[in-house]
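Below, each chain spelled out in residue letters.
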Amino acid sequence: MKVLGISAWFHDAAAALVVDGKVTAAAQEERFSRVKHDAAFPAQAISFVLQHGGLCIEDLDAVVFYEKPLRKFERLMTTHLRAAPRSWRQFISAMSTWLSSRLWLKADIVERLGCKPEQIVFSEHHLSHAASIFFTAQRKEAAVVCADGVGEWACTTIFDGVDDDDNVDLVPVAEQHFPHSIGLVYSALTAYLGFRVNNGEYKVMGLAAYGEPRFVDELHRIARVDDDGVVDVDLRFFSFHTHDSQSFTPALEALLGPARAPDADLDLSRDDDDTRRWCDVAASIQLWAEEAMLAVCREAKRLTGRRHLCLAGGVALNSVANRRIAEEAGFDTVDVHPAAGDAGGALGAALYVSRVVGGDPRVAMSRNRLGPSSTTEAVAERLQALGLTFEQHEDEDDLAAAIADALVDGQVCALVSGAAEWGPRALGHRSILADPRRHDVRDHVNVRIKRRERFRPFAPAVLVEDVDEWFDTGAGADRTLWSSMQSVLPAKQAAREQMPGVVHVDGTARVQSVDDAEHPRLAHALRAFKARTGVGVLLNTSMNLRGDPPVCSVLDAVAFFAQSSIDVLVVENCIVRTRLAWMTSSVRAHLEAA
Amino acid sequence: MLRRTRLIAQTAVELVVGIARGPRWWLLPFVFVLGVTALALLFVTAFEYAAPFVYTVF
Amino acid sequence: MMSQGFVPLWGLAFRVVVPWVWRGPHIAKKLMGFSATEAGSARDMFLAAEAVDDPKLRNLFLRHALDEARHAEMFAAAARRLSTSARAPAYEETHALPQNLFASMTLLEFLAFVERAERHGQRQFQALSTTLHDPALQDLFARVERDEQFHIAYAKAELERRAVVDGVSARRIRRRVALREAWRTWRAMGRKLGDKVARLVLGMAYVVGALLVAVFAKREDHAGRWHPSMTAPKTLQDMRRQS
Chain Y
1 MKVLGISAWF HDAAAALVVD GKVTAAAQEE RFSRVKHDAA FPAQAISFVL
51 QHGGLCIEDL DAVVFYEKPL RKFERLMTTH LRAAPRSWRQ FISAMSTWLS
101 SRLWLKADIV ERLGCKPEQI VFSEHHLSHA ASIFFTAQRK EAAVVCADGV
151 GEWACTTIFD GVDDDDNVDL VPVAEQHFPH SIGLVYSALT AYLGFRVNNG
201 EYKVMGLAAY GEPRFVDELH RIARVDDDGV VDVDLRFFSF HTHDSQSFTP
251 ALEALLGPAR APDADLDLSR DDDDTRRWCD VAASIQLWAE EAMLAVCREA
301 KRLTGRRHLC LAGGVALNSV ANRRIAEEAG FDTVDVHPAA GDAGGALGAA
351 LYVSRVVGGD PRVAMSRNRL GPSSTTEAVA ERLQALGLTF EQHEDEDDLA
401 AAIADALVDG QVCALVSGAA EWGPRALGHR SILADPRRHD VRDHVNVRIK
451 RRERFRPFAP AVLVEDVDEW FDTGAGADRT LWSSMQSVLP AKQAAREQMP
501 GVVHVDGTAR VQSVDDAEHP RLAHALRAFK ARTGVGVLLN TSMNLRGDPP
551 VCSVLDAVAF FAQSSIDVLV VENCIVRTRL AWMTSSVRAH LEAA
Chain C
1 MLRRTRLIAQ TAVELVVGIA RGPRWWLLPF VFVLGVTALA LLFVTAFEYA
51 APFVYTVF
Chain A
1 MMSQGFVPLW GLAFRVVVPW VWRGPHIAKK LMGFSATEAG SARDMFLAAE
51 AVDDPKLRNL FLRHALDEAR HAEMFAAAAR RLSTSARAPA YEETHALPQN
101 LFASMTLLEF LAFVERAERH GQRQFQALST TLHDPALQDL FARVERDEQF
151 HIAYAKAELE RRAVVDGVSA RRIRRRVALR EAWRTWRAMG RKLGDKVARL
201 VLGMAYVVGA LLVAVFAKRE DHAGRWHPSM TAPKTLQDMR RQS
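Residue numbers (the working numbering), protein chains in the order written: chain Y, 1 to 594; chain C, 1 to 58; chain A, 1 to 243.
Hint data in this document are derived by calculation from the structure and do not stem from the laboratory. Any given hint could be a false lead.
What the hints assert, rightly or not - EDC-like mimics (lysine to aspartate or glutamate), calculated; alpha carbons at most 20 angstroms apart, straight line: (1) A:Lys234 with Y:Asp165; (2) A:Lys234 with Y:Asp166; (3) Y:Lys116 with C:Glu14; (4) Y:Lys450 with Y:Asp263; (5) A:Lys56 with Y:Glu381.
Stated by the list, open to error - Residues of chain Y clear of chain A, computed beta-carbon distances all greater than 12 angstroms: (6) Lys22; (7) Thr24; (8) Ser96; (9) Arg214; (10) Asp263; (11) Arg277; (12) Arg362; (13) Arg496; (14) Gly534.
What the hints assert, rightly or not - Taking beta-carbon pairs under 7 angstroms as the criterion, some of the chain A residues facing chain Y (in silico): (15) Glu50; (16) Ala51; (17) Ala103; (18) Met105; (19) Thr131; (20) His133; (21) Trp183; (22) Ala210; (23) Lys218; (24) Arg225.
Note that beta-carbon positions come from the ideal geometry of N, C-alpha and C, so glycine has one too.
Please take these sequences and the hints and turn them into a complete structure.
This is the structure in structure tokens:
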């Protein structure tokens, strides 16, 4: 079957193409539109995946949307009426969108794509998420837990997955309904801490390491978690069901203290009561979420009896919680989809149609590198046309040596290589690389390059054979998570001493294990760096400025080079070290403005 | 335009039938109210080109 | 080019209105609004740079995009200096209409649009830099205005040169773009007004609906628990349902 999967209109619009059981291409719309978390109809992403697959709309057997809009609409009506009269504001804003466009999205898709109405089918939200990880994890059987804000009704769902020679199925077993949502509680506390919802949850995870979880008992009182994973949220403290822009009530502030003003400065060196309290709230909500997810995963184990666990939904992006789940939930392995949020739903919906409905066979595939790429010839041509001076290295060893030399010299490199990553993590294809041994590297990259908060940690890219040398891997149930930075590992003493730039204040690191097959150029650069320094580890972070999505095209990379104080830009086998005169003044002005 | 109208009508029928057959059948009067509202809004939107004058009339 | 100033009546109106609008906490909010608008323009120019075939225009569009991105940062930084709680509006609040203008116009129309939009911005920033009494803000607007002058210059030059090559009238294209923008503004006003009417109507629907059926919704047991899941679909026919 040839199936196009689409997610749109809520968060993270994306498109994915699955042909005969294999994902041929997938991309988020934000990479093309340059609007972070762009939820608009993914016209450009669709165009890319179809072009990449050499298909047009008429060739498709199905176009699958990742959720059931009418079921979602029913939930909206019910919950607004339930909360009446307090929900009037949210009702008006939701209904004006739904009645004017979202209810009629089938007609919209037909109009925009030019497809036949009978080509369009609808998956279910959590089923799409679950399929995205189960059918790419390549397990014969697994329990699948999906946890996010909310889909149609479900906030948390347990599935039983089977994918062997006789039977392919993904059966939903049990679910919890809105408003009892781990994701929404975490998001409400994200907003309480002054960060943007659906964007700032990572920051809460990073901030948590600076605090003590002294409010966790209070959080359990207002969002109870039972031993069987049932979550019961006390709606006196939350308002995500009645307000669009305010997800917590004054009662929460009475309990935890005043909220942090949105986007206010957060200087952790300022040891005042409020800053300490916010760090402690972050630590508390992080611990609450870990305990909630652990309880749910244990229940999944009990209900399904499976040895393997797959995690999906936005909550699965919490890499600290994933580590605990791997260690304590009782499964042999844990897998997480690289795009565990709504973008992954596009891919999962297409895979479900292909594998379960269409009976397509299981095919080995990469799930990390599915986006656009450029040939070396096209890159050189583009750089030349822009007037940039660059070196071109035909030999990969020479290229790796040049990158390693720059890094050893203390320079920060931006690397564009091959197909863009699928999901939010940079895995060496649209990455910023730096020497993790520098004591000032975190401040330098946070402040002067990415222009974001100082407390944000960075992650290490480590050669797969070296992971055990620097980090405590434990039983390794989360081994598959390391390749896509979905778990954290405690750093050994040597790592803490020699690589302060990539070890967080709590002594952990969100490791990426790098192998030659998946990330050849990054692996090559790591080996060259190791040959010079004895350390096969690099600081690896996504190539984007604050507020922007990661770069995608050659032009995006040049624009990033022009706006940041990156020292070296590497695009495929071309190295750019010198900016044009007007770019230099642009960088200076940006730094002054920051 | 005709195809779009037909698809919208089909969706509306599916919504009503789905609710009527489900446990929350009591939503039907509310769906009816919203349906009338949606028609009113569609009518108003169709006159977007006459823009402010039309809304002043309303 | 408007380097000598602008129409006296517009200038007078500006000098009356600006000190009234640009005061107190509104300044930070206005600056954040400018920041969001510049960021949106930057995106449009990046998309244009990506899509255009001509290398010279690609360079110009890229440089223009980077200028706009820099302006966005400068405005945001100025806003935060005035008020630490100043927050950028969400993208949707300043870009209610679909963007990617380059894809919706011919190249000449796009150049005319850029020239027109930059000229409007340049007028505005020039007026603000001469009307406001804050030296830091005056300097900010003066710097941005200088960049806008460059944008006007290249857009004008490229439009006129290419119009000659294509054998069309640059003036006619400018007029077409001006009319289209006027129509777009008219519709945007209509939408804003229509949105208010829609909200009123929906508010009434809410009251009626709530009176009719809210009691049923409130009587449902919605305590947290595990619910048995519905069967997942197995055929394309099953999946055609939207509910």
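Each hint tested on the structure:
1. Distance restraint check for A:Lys234 and Y:Asp165: the Cα-Cα separation of roughly 18 angstroms lies within the 20 angstroms cut-off, and the hinted pair is therefore satisfied.
2. As the CA atoms of A:Lys234 and Y:Asp166 are separated by approximately 16 angstroms, the hinted pair is consistent with the 20 angstroms bound.
3. As the CA atoms of Y:Lys116 and C:Glu14 are separated by approximately 18 angstroms, the hinted pair is consistent with the 20 angstroms bound.
4. At most 20 angstroms may separate the alpha-carbon atoms for a hinted pair to count; Y:Lys450 and Y:Asp263 meet this at roughly 16 angstroms.
5. Simply put, A:Lys56 and Y:Glu381 have alpha-carbon atoms about 14 angstroms apart, close enough for the 20 angstroms limit, and the pair holds.
6. Listed as a non-interface residue, Y:Lys22 keeps its Cβ farther than 12 angstroms from every Cβ of chain A; the least gap is roughly 20 angstroms.
7. The Cβ of Y:Thr24 sits about 20 angstroms from the closest Cβ of chain A, beyond the 12 angstroms cut-off, so the non-interface label holds.
8. At the 12 angstroms boundary, the C-beta of Y:Ser96 falls inside the reach of chain A, the nearest C-beta of that chain being 5 angstroms off.
9. The non-interface label for Y:Arg214 is consistent with chain A: the shortest C-beta to C-beta separation is roughly 25 angstroms, beyond 12 angstroms.
10. Distance check on Y:Asp263: its Cβ comes as close as 5 angstroms (rounded) to a Cβ of chain A, failing to clear the 12 angstroms threshold; non-interface status is violated.
11. No Cβ of chain A comes within 12 angstroms of the Cβ of Y:Arg277; the nearest lies about 18 angstroms off, and the non-interface call holds.
12. Here Y:Arg362 stays apart from chain A, with its beta-carbon at least about 18 angstroms from theirs, past the 12 angstroms limit.
13. The beta carbon of Y:Arg496 is kept farther than 12 angstroms from every beta carbon of chain A, the shortest such distance being approximately 34 angstroms.
14. Non-interface call for Y:Gly534 relative to chain A: holds, since the shortest CB-CB distance, roughly 40 angstroms, exceeds 12 angstroms.
15. The interface hint given for A:Glu50 holds, since its Cβ lies 5 angstroms from the closest Cβ of chain Y, which is under the 7 angstroms cut-off.
16. The closest approach between the C-beta of A:Ala51 and any C-beta of chain Y is roughly 10 angstroms, which is over the 7 angstroms cut-off, so the hint fails.
17. Restraint check, A:Ala103 versus chain Y: the minimum CB separation of about 9 angstroms is more than 7 angstroms; hint violated.
18. Restraint check, A:Met105 versus chain Y: the minimum CB separation of about 17 angstroms is more than 7 angstroms; hint violated.
19. Among the interface hints, the one on A:Thr131 is violated; its C-beta lies about 23 angstroms from the nearest C-beta in chain Y, farther than the 7 angstroms criterion.
20. Interface hint status for A:His133: violated, as the beta-carbon distance to the closest one in chain Y is roughly 22 angstroms, over 7 angstroms.
21. A hinted interface residue such as A:Trp183 counts as satisfied when its beta carbon comes closer than 7 angstroms to some beta carbon of chain Y; here the least separation is about 21 angstroms, so the hint is violated.
22. Nearest Cβ of chain Y to the Cβ of A:Ala210: about 4 angstroms, under the 7 angstroms cut. The hint holds.
23. Residue-level restraint check for A:Lys218 holds (minimum Cβ-Cβ distance to chain Y is 6 angstroms; threshold 7 angstroms).
24. Hint status for A:Arg225 relative to chain Y: holds, with the closest Cβ pair at about 6 angstroms, below 7 angstroms.
The structure shown violates the earlier hints numbered 8, 10, 16, 17, 18, 19, 20 and 21.
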